[in-house]
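Novice: If you want the building blocks of each chain, they are given just below.
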Amino acid sequence: MTNHNFEIVDVTLRDGSHSMRHAFTKEQVRKTARGLDQAGVNYFEVSHGDGLGGSSMQYGKSKVNELELIETAAAECSQAKISVLLIPGIGTKKDLTEAVKVGANMVRVATHVTEADVAKQHIELGRELGLKTVGFLMMAHMAPIEKLVEQAKLFESYGAEVVYVTDSAGALLPHEVTERITALKNELSCEIGFHGHNNLSMAMANTVAAVQAGATYIDGSLRALGAGSGNTQTEVMVAIFEKMGYQTGIDLYKILDVANDVVAKFMPRPQEVTGSSLMMGYSGVYSSFLLHTEKAAKQFKIDERDVLVELGKMQAVGGQEDLIYEVAANIANK
Amino acid sequence: MSKCKVAILGSGNIGTDLMYKIERSDALELTMVAGVDPDSKGLRLAKERGYLTTIKSVDGLLEYSDNFEMVFDATSAKMHQFHSDKLTSIGKQVLDLTPAAIGPFVVPPVNLNQLQTEPNVNLVTCGGQATIPIIHAINRVCPVSYAEIVATISSSSAGPGTRANIDEFTETTANAIEKVGGAKKGKAIIILNPAEPPVLMRDTIHATVEEEGKEVEILHSIKDMVKEVQAYVPGYRMNTEPQISGKEISVFIEVEGAGDFFPTYSGNLDIMTAAATRVANQLALQRTDSAKEGVK
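Quick mapping for you: the protein sequence lines, in order, are chains A and B.
With numbering that gives the first Met the number 0, the residue at position 250 of the first sequence is 249, and numbering never jumps.
With numbering that gives the first Met the number 0, the residue at position 76 of the second sequence is 75, and numbering never jumps.
Bound-form chain A, shown alone (with noise of 0.2 Å):
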């Protein structure tokens, strides 16, 4: 890190593809890919929403394999890297060997946060293929900080070069984020991450937060396109964190460009904070459950909040998306 204080890993061709309904295509991508690789980003992500094999009907099918457009990214580079995402339980050690033969270099595995003994394998498999690798515990809200410690320390044991607080439900505000990168800063010696949600407007300020206690990856989206109301925006970070003295190292036009010229033309609808996505910051919802969650109540003739507040009662943790129909079911028969 010569010229910068820390890593913006932008997420738009992954998070992004829940927006999308995981319906990517390869012009979308190499157009995103070229745009990112020119203003300086060093890493972004290219994979299924929810990660490698997550191309499913529980989750949505990919329009275009997710390998095919891993490639395409990666011939656009000429010096960004590029990540995936690798969820043990869906993906497995071969989606990422795959990966990894047409041009993934990082490997972010993700579990819940209170999971992180199911990745041991996937991270050694990281490691020894030579990638940056990194740990995600998702849903970080959900557990306290000595557990988050806990299970931030087995990735590192494992070989995670990164471990990520991930703020998968939009539910943290700034100073629960301030804690929990301060801890594992305290606690740990491998880097620090923080990917954040927007579902209660607060996305920025706690990627801020997470730089401010020590976060040195922090990632966001172009325009935000992300599941629930959109991640960070990259374009914004820019901006803030040049004002701020830091050093980002991406160019703040080129990255607007290709934020407003690119992204902007194809996504679905703009990412807000809506009732529905507030409700999942609010009761603790995984953003990705959103357009699922849409779709049910409407099939149920039912409130989506009431939908969204009894999956967070029920604790419902990432990849559950065939809960949300059995609770829409549920509360239409009552």
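To be clear, the hints were calculated from the coordinates, so they are not data collected in a lab.
Fair warning: there could be bad hints in the mix.
[Said to hold, decoys possible] Calculated pairs, DSS-like style, for lysine-lysine (alpha carbon to alpha carbon, straight line, at most 30 Å):
id	chain 1	residue 1	chain 2	residue 2
1	A	Lys312	A	Lys297
2	B	Lys183	A	Lys62
3	A	Lys297	B	Lys213
4	A	Lys60	A	Lys92
Got chain A; can you put chain B on it based on the hints?
Specialist: What follows is chain B alone, placed relative to chain A:
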């Protein structure tokens, strides 16, 4: 009628729960439990209940080879081949509850009848036992071009073996969805949920069939199959009516365990031991039948 004598290899949680289930079987008689750890709770319980025990694992069993005809292997995938070779070479039938899968897969209501003389059968995975009967039920009405299952289990019922080898679960289950369930293409997803109190095992089956218009028959077939599984897993049930939209069908299952050795939320562990006991029981009955035919 004389019962078929069986032994359990492995005195961990699975082996111990098996002991209770075998005790309720009308065709099986448990004679021996083998482990390696003299202090294990499983061996202590087995001794208390009057079974012969050994801490010499498979070698301990071999010393008493007249005591059993079938062995349940509830140890580990790593040890299974070694155990199976020793046992099958002296003519014992082996039921494999590990992910080793060296013998053919067995899912009781689907293909048990075809496996009578196999020296070694494998019980797939918990997710496979909970979902493959449903895939088969759909496939017997209308060919399934794609089937995908999502198994959600409570974190506290996922043991260290499952956690260290989670890809084994997804890959083995996907393979059995095709081989036993009959789907042309299979996929499996597993999710661990740490909620307290622990959640019951849930399994969702998403299937795509080749043609529309057979909804009534499919629903009927699924309901029949649920009853068949309930015969050996009483806590197996559909939570919601299946969702059918065009060629796509989703079925939502919940598995509550019998609460023998495991807590009831561990439906995932319970369905494995219940299925294994069912398999042994049916194989034993078939043996008796063929023996009767033999003396005619």
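Novice: Compare the structure with each hint and give your call.
Specialist: Against the structure, the hints:
1. A/Lys312 - A/Lys297: OK: A/Lys312 and A/Lys297 at ~21 Å, within 30 Å.
2. B/Lys183 - A/Lys62: 20 Å, holds
3. A/Lys297 - B/Lys213: 26 Å, holds
4. A/Lys60 - A/Lys92: 20 Å, holds
Of the numbered hints stated above, none is contradicted by the structure.
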